[in-house]
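Peer 1: Now for the letters of each chain:
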Amino acid sequence: MAILVNNKTRVIVQGITGTQGSFHTKLMLEYGTKVVAGVTPGKGGQETHGVPVYDTVKEALSEHDANASIIFVPAPFAKDAVLEGINAGLELIVVITEHIPIKDAIQMIEVAKRNNVNIVGPNTPGVITPNECKLGIMPGHIFKRGEIGIISRSGTLTYEIASNLTRAGFGQSTCLGIGGDPVIGINFIDALQMFVNDDETKAVVLIGEIGGDAEEKAAEYIKREFTKPVAAFIAGRTAPPGKRMGHAGAIISGRAGTAESKIKALKRAGVYVVEKPKEISERLKEIL
Amino acid sequence: MAILVNNKTRVIVQGITGTQGSFHTKLMLEYGTKVVAGVTPGKGGQETHGVPVYDTVKEALSEHDANASIIFVPAPFAKDAVLEGINAGLELIVVITEHIPIKDAIQMIEVAKRNNVNIVGPNTPGVITPNECKLGIMPGHIFKRGEIGIISRSGTLTYEIASNLTRAGFGQSTCLGIGGDPVIGINFIDALQMFVNDDETKAVVLIGEIGGDAEEKAAEYIKREFTKPVAAFIAGRTAPPGKRMGHAGAIISGRAGTAESKIKALKRAGVYVVEKPKEISERLKEIL
Amino acid sequence: MKLYEYQAKEIFKKFGISIPRGQIADTPEECKKIAEEIGKPVAIKAQVLVGGRGKAGGIKFAETPEEAAEIASQILGSQIKGIKIEKVLVEEKLEIENELYFGITVDRSARKYVAIVSSRGGVDIEEVAEKYPEEIIKHYVDPLLGFQGFEARDLVKKIGLKGRNLIIAADILNKLWKIVEKYDAELVEINPLIKTKDDKLIAADARLIIDDNALFRHPEFEKTMETEGKEFNERELKARKEGLAYVELDGNIGIIGNGAGLVMATLDMVSLYGGKPANFLDVGGGADPKRMETALEIILSNPRVKVVFINILGGITRCDWMAKGIIEARERIKIQVPLVVRMVGTMEEAGRKILQEAGIDVLDSMEEAAKRAVEIANRIAGDE
Amino acid sequence: MKLYEYQAKEIFKKFGISIPRGQIADTPEECKKIAEEIGKPVAIKAQVLVGGRGKAGGIKFAETPEEAAEIASQILGSQIKGIKIEKVLVEEKLEIENELYFGITVDRSARKYVAIVSSRGGVDIEEVAEKYPEEIIKHYVDPLLGFQGFEARDLVKKIGLKGRNLIIAADILNKLWKIVEKYDAELVEINPLIKTKDDKLIAADARLIIDDNALFRHPEFEKTMETEGKEFNERELKARKEGLAYVELDGNIGIIGNGAGLVMATLDMVSLYGGKPANFLDVGGGADPKRMETALEIILSNPRVKVVFINILGGITRCDWMAKGIIEARERIKIQVPLVVRMVGTMEEAGRKILQEAGIDVLDSMEEAAKRAVEIANRIAGDE
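So the sequences go chain by chain: A, B, C and D.
Residue 1 is where the first sequence starts when you use my numbering, and the numbers rise one by one after that.
Residue 289 is where the second sequence starts when you use my numbering, and the numbers rise one by one after that.
Residue 577 is where the third sequence starts when you use my numbering, and the numbers rise one by one after that.
Residue 961 is where the fourth sequence starts when you use my numbering, and the numbers rise one by one after that.
Hints listed in this document are in silico derivations from the structure and should not be mistaken for laboratory results.
Incorrect hints may have been included.
Said to hold, decoys possible - No farther apart than 25 Å at their CA atoms in a straight line, the calculated lysine-lysine pairs in the DSS-like style are these:
| id | chain 1 | residue 1 | chain 2 | residue 2 |
| --- | --- | --- | --- | --- |
| 1 | A | LYS228 | A | LYS278 |
| 2 | A | LYS243 | D | LYS1044 |
| 3 | D | LYS1138 | C | LYS590 |
| 4 | B | LYS531 | C | LYS631 |
| 5 | B | LYS296 | B | LYS314 |
What the hints assert, rightly or not - Reference listing, derived: stretches of chain D covered by chain A, where coverage requires no fewer than 3 residues with Cβ under 8 Å from a Cβ of chain A:
| id | stretch |
| --- | --- |
| 6 | 1071-1080 |
| 7 | 1173-1182 |
| 8 | 1225-1239 |
| 9 | 1268-1280 |
To be verified - Chain B is nowhere near these chain C residues, computed Cβ spacing over 10 Å in every case:
| id | residue |
| --- | --- |
| 10 | GLU586 |
| 11 | ASP602 |
| 12 | GLU613 |
| 13 | ARG629 |
| 14 | LYS738 |
| 15 | LYS776 |
| 16 | ARG811 |
| 17 | GLU873 |
| 18 | LEU939 |
Please read these numbers as outputs of a predicted model, since none were measured by experiment.
We put the CB at the ideal spot given by N, CA and C, even for glycine.
Let the hints inform the model, and build the full structure from the sequences given.
Peer 2: If you want it as structure tokens, here you go:
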């Protein structure tokens, strides 16, 4: 089953002719993702790795059947691209783009919500359901299909943990990067709710980091109603307050957003919080 | 029956402590309108003609049961007042204020629509259901209860025609000024649709003027499905193109918005269009 | 408030919309100098706010600076629809491949702004809408979200723009929206938007009308309002200053009333009985005596006015106040022309009494009064 | 980007929010002059971007101009949390009746801006939120409609404002929203908003943080970015210029990694094994050799760094490129300290080969590598 993407996901790449867009279109195609069309305004009529390019999403959809898009459009134009995808009737939009202004993020996520469109990101590596669909920029080979759902605010740290899991024999149902920005579409709770209904997923790995209170909110939710086992790693225990640690969202503001607070909340909710990334698989062995 | 207002209408006056607001609160009270509260920010705790004044609509509604408001707030603050009324849950808002920027009008009317709130105006004399409720600034004594519905873009010209009707023995079910601005809430068609369902109303008088195509659109609607007799007067047959005739909405732009076009369309829809205001009652005598 | 082409183009330029190279001139010499600087054939365009400038000979082309000066000397000081031309815009003549129409305005029925593009630019867009409705592409702007880039691209794609020009054209349309938003425009229009032979998109003309009701939040237009004043005569300027709605016409019956619809109907009645209104003047609701006095003063400063017809229907307006204003005006400015007064409604009796004591007859019916005013005007005109 | 108090207040003033009379000074003499002009007791406030200025002695009061100069000479040049004070703001001392809190920021969970007011201003608002949650009044701003006047009035009414001050306070809150909208602020805050004894509302302090990601649409802050630079050391400035996420810490193990989460985790592992990271540095996704070279250069210009731990997990980042960058940096800048490299993922083999040929060991596990780096650092520290 998995969540969000599967072998029925048919993808439009928005910003397909850019360096990143083109490069990852190739990798997604190689992984087996059904990339049916690309969009770059002004480049309609071209092809990128055999994928036809259109000027607008509407036009692409008039020629191809698609239900999702992935966005590689530069930050100043990303909101426009997301709104275009929503307006054209897509169901899922993965926003890879980093550095989108927070005001734009707030607006595009609000419009998505009003139109029942799922937004992943911004500033996310994307989402992958191994062997079915890779809608993102993660290295596909480190994932293996299985029973663990992963939800993460981070990119590379997710690969670290996912490859650990894979090596330890734990495959993944779906691995979802929710994005490193302060304001994102699908958050921990939304993703947990999806995994609840996914019978394939037996346990969930939650990878958090400093900043905000998404982990604390997730902990409340888990405590209240999430029934599957959850293991977690929180990055940034040694981060100083007031400094952005790479991600726009990774900042301790005053006394809020510390790793301690998150770890405490998660532990209180019965989540298995580990100190080292590699311990996740060890812990899962004990649980499952 | 009548439309929009009746003896169950309970009114908040927004901008009650201003010259106009205070003056017309008195006149509305004298007419018998149930004015239950007034609002002027910063003047909460005062009284105007015995009506208690509050700082906010929300506060007024926490103390009084009301379903409508009338707005005398100056143009720069009128949109804010309308949004406040919508937000507080009123069902009908009559916007007397003139000179509201068109951008503000567009936004407040859109928000009203999304919240199923009826807006009358802006730049309207308001609405009156004789003997029940006067929610406006029209002179109450010229109206008499009866079977004629009036819909008008004008103020004084409506009084002219209404007093003619009254003198000729034709009372009114409801008389509605839709407002002289280009962008208004309830328009001719909306009002006609209300009169269709009002058994008390046997015929409708439509008072139009140059500018826009609301009369042409109304004509299409009447031709298509309006079953009661309609008499009409269109002001501005001698108005030159390109000049605003008092009302912000009364302007012939290029070749659009002429009285000829409106008269032609209405006649084609079977409406009895008269040349002189006083002929309306003569015509109604023939019809009814 | 209408902006002149050159003023609108300054704003376009600030927003990054390409306009032709050029400058404003008010003498033939300046015009020549600008043409020399441009160094190629130029267009010389009369700056007026009335429409139909092209047909009225307000746009001409010159091959040389000398010819430009020659043409400027013809245009400057001449009149278009009664308005004296004081400035011309001198611009490089463009090599036209085709002409598009881009505009954003308010759609009353939809209660929204509407963006309009057409592949048939350079002509009257209303004519295009009638003859080739399928070539008018419209998009209603979401009042809360505004106009988005992708919506502009969807639109310009429909009129066949491709490649780089698709992006540039969409960008121009989005910029027009930004102008609407920033300046509370009720109309912004490029007609034509020219595609040049070397494939550039340039706004050859520019129209921009600011919502008068929103001027309070745009102090930046205070200076523009002064230049706009040049299109008005003294009476119109005074009325604007006093906040009276006044429109001058070419007849001889001065008209004052309260309420825009009533005054329009009054004009119509006068015309119906064969008279010619000299003006539209609405004193508005709840006017005081002073206001009526000012109204009369403005009307009577028009030498064409032979009779004044005052039509008051008292609602929030008090008849006695209006009567008082009439008497005061008569005393102060020594009214020489006959007055026809129709007055009913609030404080009617008091008003009548004031006027009758001053020897002024008051009528009940606006139709009767209109008829009377026309009769008097015709008699005086006959006498003259 | 954080603005200094005096910069934020300039913006507040432009938007019509009342601020205390005052001026910025960078010498005691200037400070004295300003105090003389103000002609009453003054507050002297160190301009720093770090929090807790008051507790650190950065705000003092002076009764006379002489005292003001005296205090300024103490504050100017002193340090707060390691930052040298170069400017003080000299302002009239206000007669406080009570202190309020007004702010607008982003609520991540709600995915909306949130306006917050409290009758308990002048103290840490987070502390108020913990101790007196009922005295924190919040309102989420509709992302499409924005923040309306009536919403501001509803809010300020809840903290007991009445009469004229209700309108003024609501207006201040609406202006904070306009600042958020206009400048893409992620935080705008008045703490405290002071109600003076003569019943005026004055913004005694001002905080304003602009969303870094939105700076591309705010060229007006270019100059401000320069002044902000003063809070950074050379290495931090260079990293910002190069677009590298770099945060300096006080340890001795230099750290480079790819991906914010991975680098944070790397820091955590180093700490876990008893080491002290000297910095956070994320080369980002898909970095080229040059980028790694620059990263090493920045890290190694920090004299505290005794060992460098490079943690690369190749996804879109290529291990061979990273290896190349390391080698090139080593050759160019003559690296004196030991390198611990962990490298797995894309092009791992090629990367390993490059490094091993250059005599650099490569590890598989980040935990192992962290442990090794700590051991080396401790050994060197022990030797010194």
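Peer 1: For every hint, state whether the structure bears it out.
Peer 2: Going through the hints against the structure:
{"no.": "1", "hint": "LYS228(A) <-> LYS278(A)", "verdict": "21 Å, holds"}
{"no.": "2", "hint": "LYS243(A) <-> LYS1044(D)", "verdict": "18 Å, holds"}
{"no.": "3", "hint": "LYS1138(D) <-> LYS590(C)", "verdict": "23 Å, holds"}
{"no.": "4", "hint": "LYS531(B) <-> LYS631(C)", "verdict": "20 Å, holds"}
{"no.": "5", "hint": "LYS296(B) <-> LYS314(B)", "verdict": "19 Å, holds"}
{"no.": "6", "hint": "1071-1080", "verdict": "holds (count 3)"}
{"no.": "7", "hint": "1173-1182", "verdict": "holds (count 4)"}
{"no.": "8", "hint": "1225-1239", "verdict": "holds (count 8)"}
{"no.": "9", "hint": "1268-1280", "verdict": "holds (count 5)"}
{"no.": "10", "hint": "GLU586", "verdict": "22 Å, holds"}
{"no.": "11", "hint": "ASP602", "verdict": "25 Å, holds"}
{"no.": "12", "hint": "GLU613", "verdict": "35 Å, holds"}
{"no.": "13", "hint": "ARG629", "verdict": "13 Å, holds"}
{"no.": "14", "hint": "LYS738", "verdict": "31 Å, holds"}
{"no.": "15", "hint": "LYS776", "verdict": "29 Å, holds"}
{"no.": "16", "hint": "ARG811", "verdict": "14 Å, holds"}
{"no.": "17", "hint": "GLU873", "verdict": "19 Å, holds"}
{"no.": "18", "hint": "LEU939", "verdict": "13 Å, holds"}
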